[in-house]
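Asker: Whole structure, please, built from the sequences with the hints as guidance.
The opening position of the sequence shown corresponds to residue 1 in UniProt numbering, with each subsequent residue numbered one higher.
In case anyone wonders, no lab produced these hints; they're calculated from the structure. Incorrect hints may have been included.
[Said to hold, decoys possible] Dumping the calculated DMTMM-like pairs for lysine to aspartate or glutamate here, alpha-carbon to alpha-carbon at most 25 angstroms:
#1 LYS292 x GLU254
#2 LYS230 x GLU321
#3 LYS61 x GLU321
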Amino acid sequence: MTRAKSLPTGTSPKLNLARLRTYPLQTRHSKVKMADFGSPWQRAGSFQAFLKTLPDILAGKTFRAVVAAIVNARRRGKPVILGMGAHPTKVGLNPIVVDLMRKGVITAVAMNGAVIIHDFEIAYLGQTSEEVEAEIDSGRFGMAEDTGRILNEAIVQGWQQGLGIGEAVGRYLLKYPRQFPHRGRSLLAAGAQLGLPVTVHVAIGTDIIHMHPQANGEAIGGGSLLDFRKLAAVVSKMEGGVYINLGSAVMMPEVFLKTVTLGRNLGRALKQITTVNMDFLPHYRPMTNVVKRPTQKGGKGYALTGHHELMVPLLAAAVLEALGR
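Answerer: This is the structure in structure tokens:
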């Protein structure tokens with residue numbers, strides 16, 4: 001057996017690059033082109049002009065696609081459904097969403113149970129959102145008497161009248177205008193006033209009003225089931241329309257997926273739908289159950305990541321200007 005020769009000290013193997021194959025740059029596909037670049041803003045321009053200054057790359061391209069999908073849907077009389085969690089209300093977006101409802105852009109709203117609490121408190125007192133860390137140790141968290149008593153009363157009264165939670169609370173807010181001086185900022189009141197479907201989807205035990213003695217499981221569960229079926233009926237007719245998931249990481253993505261499969265099971269193809277997830281962090285369920293799964297047989301799914309308090313006003317302005325409303 002021969003022994004391998006050792007390399008001299010201070011040397012190392014080297015590649016012979018003389019035969020390296022290269023190609024002209026102009027023959028290569030490039031993902032970024034000057035034609036897609038942004039451009040500086042010019043004073044006194046329209047909002048549409050501002051949108052054109054955005055780079056046609058990544059989020060800039062997605063944002064314009066989402067605007068176009070919403071605008072095209074409404075021009076053709078197709079629904080635009082907003083599913084949402086509580087954070088958009090807590091960062092002051094109710095007036096913008098109500099305006100989109102009133103101007104015929106948003107045709108239905110679906111929300112988790114936390115939204116009705118903040119929506120109610122805004123309509124009732126003009127303020128909401130307690131400091132959980134400051135209250136949890138003392139047992140005061142979620143124990144505001146007015147919120148627990150009045151909301152549960154509205155839900156029970158509505159259930160006795162055969163109403164889902166969304167319509168029940170919306171009607172209650174309109175019925176007592178002196179009690180709710182800020183109802184003009186309420187999504188629930190706007191839905192009841194405009195006759196738009198506003199549905200509430202609850203998991204019992206997740207919302208502070210469930211801790212109060214007035215909570216009625218039959219009314220909460222039954223009202224939420226009515227709202228689920230109402231939303232399913234709306235989703236079943238959204239061929240060519242748009243569903244936006246705004247700030248709900250679990251509840252609304254799960255509910256939406258079930259409404260899609262229910263509609264398809266009953267014969268609605270739902271092949272050409274557009275879904276959008278808007279949140280400040282990407283989460284598994286919205287990306288899977290809103291963006292990907294419902295559109296895998298057709299349509300488009302988009303994700304717009306950014307702060308609600310910035311993204312929603314931008315989207316609303318772009319859509320309203322394009323529609324001339």
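Asker: CA of LYS292 to CA of GLU254, is that 25 angstroms or under?
Answerer: The given pair, whose Cα atoms are some 13 angstroms apart, holds under the 25 angstroms limit.
Asker: Does the alpha-carbon distance linking LYS61 and GLU321 stay inside the 25 angstroms limit?
Answerer: At roughly 18 angstroms apart (the allowed maximum being 25 angstroms), GLU321 and LYS61 satisfy the hint.
Asker: When you check the alpha-carbon spacing of LYS230 and GLU321, does it fall within 25 angstroms?
Answerer: Violated. LYS230 to GLU321 sits at ~31 angstroms, over the 25 angstroms cutoff.
Hint check: a violation occurs at hint 2 only; the rest are consistent with the structure.
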